[in-house]
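Generate the whole structure from the sequences, applying the supplied hints.
The listed protein sequences correspond, in order, to chains Y and H.
Reading the first sequence from the start, the letters are residues 1 to 114 in this note's numbering.
Reading the second sequence from the start, the letters are residues 115 to 708 in this note's numbering.
What the hints contain is simulated information worked out from the structure, not anything from laboratory work.
Every value quoted in this text rests on a predicted model; they were computed, and no experiment measured them.
Take the hints with a grain of salt, since some may be wrong.
To spell it out: a stretch of chain H is covered by chain Y in this simulated footprint if at least three of its residues, at any positions, have a beta carbon under 8 Å from a beta carbon of chain Y; those stretches are [what the hints assert, rightly or not]: (1) 216-223; (2) 294-300; (3) 348-357; (4) 377-391; (5) 607-617.
Residues of chain Y clear of chain H, computed beta-carbon distances all greater than 12 Å [what the hints assert, rightly or not]: (6) R2; (7) V7; (8) I14; (9) Y21; (10) Q22; (11) L65; (12) L75; (13) Q84; (14) S104.
Restraint-style ranges between C-beta atoms, simulated for each label pair [said to hold, decoys possible]: (15) Y:T27 <-> H:K344: 29 to 39 Å; (16) Y:R39 <-> H:A173: 31 to 41 Å; (17) H:D248 <-> Y:E23: 57 to 67 Å; (18) H:R262 <-> Y:E23: 49 to 59 Å; (19) H:P339 <-> Y:A44: 15 to 25 Å; (20) Y:L4 <-> H:R152: 33 to 43 Å; (21) H:P339 <-> Y:T27: 47 to 57 Å; (22) H:D248 <-> Y:S30: 19 to 29 Å; (23) Y:D83 <-> H:M448: 38 to 48 Å.
Every residue, glycine too, gets a C-beta built ideally from N, C-alpha and C.
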Amino acid sequence: MRSLFGVLTALAVIGLAFWAYQENYQTQRSVSKIENLQREIASARSRLMILRAEWAYLNRPDRLLDLAEINYDTLQLLPLRPDQFGKVDQVAFPPHEPLILEGSVEVSTDGVKP
Amino acid sequence: MIRTPLRPLASVLHAREIGENPDMIERENIRVRHEQMRDRSRSRAEGRLLVLGVMFFCAFGVIGARMSALAQSEASEPRISSAGADIIAQRADIVDRRGRILATNLETHSLYAQPQQLIDRERAARALVKIFPDLDEERLIADFTGKRKFLWVKKKISPEQKQAVHDIGDPGLLFGPREMRLYPNGALAAHVLGGASFGREGVSAAEVIGVAGVEKRFDDELRDPANGGKALTLSLDLTVQAAAERVLFGGMKLMNAKGAAAILMDVHTGEIVAMVSLPDFDPNERPRPAVEGNAADNPLFNRAVQGLYELGSTFKIFTAAQALDLGLANPATMIKTAGPLKWGKFKIRDFHNYGAELTLTKVIVKSSNIGTARLAQIIGATRQQEFLRSLGFFDPTTIELTEAKGAVPLLPPNWSELSTMTISYGHGLSASPLHLAAGYAAIANGGTKVTPTLLKRSAPQHGARLMSAEAAKQARQMLRKVVTEGTASFGEVPGYAVGGKTGTADKPRENGRGYHDDKVIATFASMFPAHDPKYVLIVMLDEPVETSGPKPRRTAGWTAVPVAAEMIGRIAPLLGLRPDVEPGQLAGITLTSN
Numbered sequence: 001m002r003s004l005f006g007v008l009t010a011l012a013v014i015g016l017a018f019w020a021y022q023e024n025y026q027t028q029r030s031v032s033k034i035e036n037l038q039r040e041i042a043s044a045r046s047r048l049m050i051l052r053a054e055w056a057y058l059n060r061p062d063r064l065l066d067l068a069e070i071n072y073d074t075l076q077l078l079p080l081r082p083d084q085f086g087k088v089d090q091v092a093f094p095p096h097e098p099l100i101l102e103g104s105v106e107v108s109t110d111g112v113k114p
Numbered sequence: 115m116i117r118t119p120l121r122p123l124a125s126v127l128h129a130r131e132i133g134e135n136p137d138m139i140e141r142e143n144i145r146v147r148h149e150q151m152r153d154r155s156r157s158r159a160e161g162r163l164l165v166l167g168v169m170f171f172c173a174f175g176v177i178g179a180r181m182s183a184l185a186q187s188e189a190s191e192p193r194i195s196s197a198g199a200d201i202i203a204q205r206a207d208i209v210d211r212r213g214r215i216l217a218t219n220l221e222t223h224s225l226y227a228q229p230q231q232l233i234d235r236e237r238a239a240r241a242l243v244k245i246f247p248d249l250d251e252e253r254l255i256a257d258f259t260g261k262r263k264f265l266w267v268k269k270k271i272s273p274e275q276k277q278a279v280h281d282i283g284d285p286g287l288l289f290g291p292r293e294m295r296l297y298p299n300g301a302l303a304a305h306v307l308g309g310a311s312f313g314r315e316g317v318s319a320a321e322v323i324g325v326a327g328v329e330k331r332f333d334d335e336l337r338d339p340a341n342g343g344k345a346l347t348l349s350l351d352l353t354v355q356a357a358a359e360r361v362l363f364g365g366m367k368l369m370n371a372k373g374a375a376a377i378l379m380d381v382h383t384g385e386i387v388a389m390v391s392l393p394d395f396d397p398n399e400r401p402r403p404a405v406e407g408n409a410a411d412n413p414l415f416n417r418a419v420q421g422l423y424e425l426g427s428t429f430k431i432f433t434a435a436q437a438l439d440l441g442l443a444n445p446a447t448m449i450k451t452a453g454p455l456k457w458g459k460f461k462i463r464d465f466h467n468y469g470a471e472l473t474l475t476k477v478i479v480k481s482s483n484i485g486t487a488r489l490a491q492i493i494g495a496t497r498q499q500e501f502l503r504s505l506g507f508f509d510p511t512t513i514e515l516t517e518a519k520g521a522v523p524l525l526p527p528n529w530s531e532l533s534t535m536t537i538s539y540g541h542g543l544s545a546s547p548l549h550l551a552a553g554y555a556a557i558a559n560g561g562t563k564v565t566p567t568l569l570k571r572s573a574p575q576h577g578a579r580l581m582s583a584e585a586a587k588q589a590r591q592m593l594r595k596v597v598t599e600g601t602a603s604f605g606e607v608p609g610y611a612v613g614g615k616t617g618t619a620d621k622p623r624e625n626g627r628g629y630h631d632d633k634v635i636a637t638f639a640s641m642f643p644a645h646d647p648k649y650v651l652i653v654m655l656d657e658p659v660e661t662s663g664p665k666p667r668r669t670a671g672w673t674a675v676p677v678a679a680e681m682i683g684r685i686a687p688l689l690g691l692r693p694d695v696e697p698g699q700l701a702g703i704t705l706t707s708n
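This is the structure:
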């Protein structure tokens, strides 16, 4: 009985040790994964910041105005003026196209003279 | 185990033969056995004690080792929760009201040298000068060959420059990471943003601190890590600001002015949508403050907030509004305008002679100094002071710029009756254009106080009531008439029903004796649309002169007003204001104001 208890205890210790190691290694793996991810996030954010700064720089009003002037032939962009506001009434309705049925077969007898 | 008998037969028999007591043998044997047992148990106990001692020693040893390790090692954050400090930027962005970037950070590098590690010092110095032509070669060689162990070569370098320095290949040239403040729009809104520079500097990092404008005013908030990098949202609109700057710059050049300022303010929320002061500067390369010359001519000087000017006739509407509010007059009340009005040695004159008397509306429309001064006499000094104080003309504005605190309006030391009369038409009291904008906004929004702000707001301010809504409405109608039939006839912008008041004030001489004859501050304070004002626009030109006619013209009606009209035509559509008249309306139909 006592020896069985001893064997069981030893097995339990081995099992728990195995489990503890397993957990430990898993934790370490997760931590290093998190660190990698955070490094990636940090570099992605710094890239994003650079891109946002570049976007803002390329979209600065001075440059857009110069570009609009350079490309006036193709784009014909001008500053917004008050007379460019329109009203909904000024927009024409789309032309009404009558529904044309082709190849219809007359099945009604209504109006047909006997 | 062989048990030794207590009474061995041989010994007993032998003892009986010699006549000894055999019990003695037994007792002796028992004694020996007990001694053996005692020795055994003692050695076992000693062994156990030893094991226990070793275990305790190990346990305490481990604890002690851990404690000393903890005490001696650098403290570090738990690895799991290391939401890296490198993820959140050191300083938050500044964005405009629609989220477009006005200021952001950029990662760059600084270049420093450790001369004792340099291999070929003179070659390194010469190569560096080739990359950075602004460095002084002789000084650099002297620094490298001298006793210095460390020196900064460049605070900020671009990636291309960094690569070029790498290519020199000297181990004594080292790089440190730097975050620099970038204003991608260049000089746009330079006076509002101010600028930033490095504070405490280390090899691996440097503080970025604000030096002026909102950067300095909100320095703590921008740098507070608890904000999590949340951007600071200003009330400025990038597009409107850009258009206003462009128009104002053109106007300044056209009118030969040496400086100009413009403020566009929402009359309900108090938000400053655009604020321009010319000449301006590039906050990326903020110039050093000038040590000589007139500070007011420096590009760093914010004319819109810091500049204190006698704003001239634009003040007349305050006198009129107060008279209307107090019930002393109505728009049709006749006021004597026969001049000159003598007060002691002092004479008050009008630009033209307007006859014996005019209605109050006409006094404003024609901008009669005499009429306004007479009105101020009726109002009296005390009530005038109270009213101007409530409009904010006695204190510096509370706008979120560090410079604002210094702009304390200049008041007459002794508020005599003559001061009352001159201040009624804008002389004798110097205030900034921003003060004027806040005052006009109070008239524009129906008579309640508005505090100008640079931060985006979602709801209108409901400030204290300064005048009745009826008085404010009548004052607005007068301002509208100034544009339709008065001094600001160039201010008419079809569809936007501009109302406003011109102001032309002679500049005081620098030596404090009297006024210049040919230098003026021309101001146009306007609101649009006058029947339901949404925005107040102040345009101010410093020393303008319009030379298209036979004689140079300096009045605001010829200088500031056309600039303001052009500006309203440009920015009102950008603000989403739809003109009241239909597009493509036939000529000949005139817009009526209410």
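Hint numbers not upheld by this structure, sorted from lowest to highest = 4, 11, 13, 21, 22
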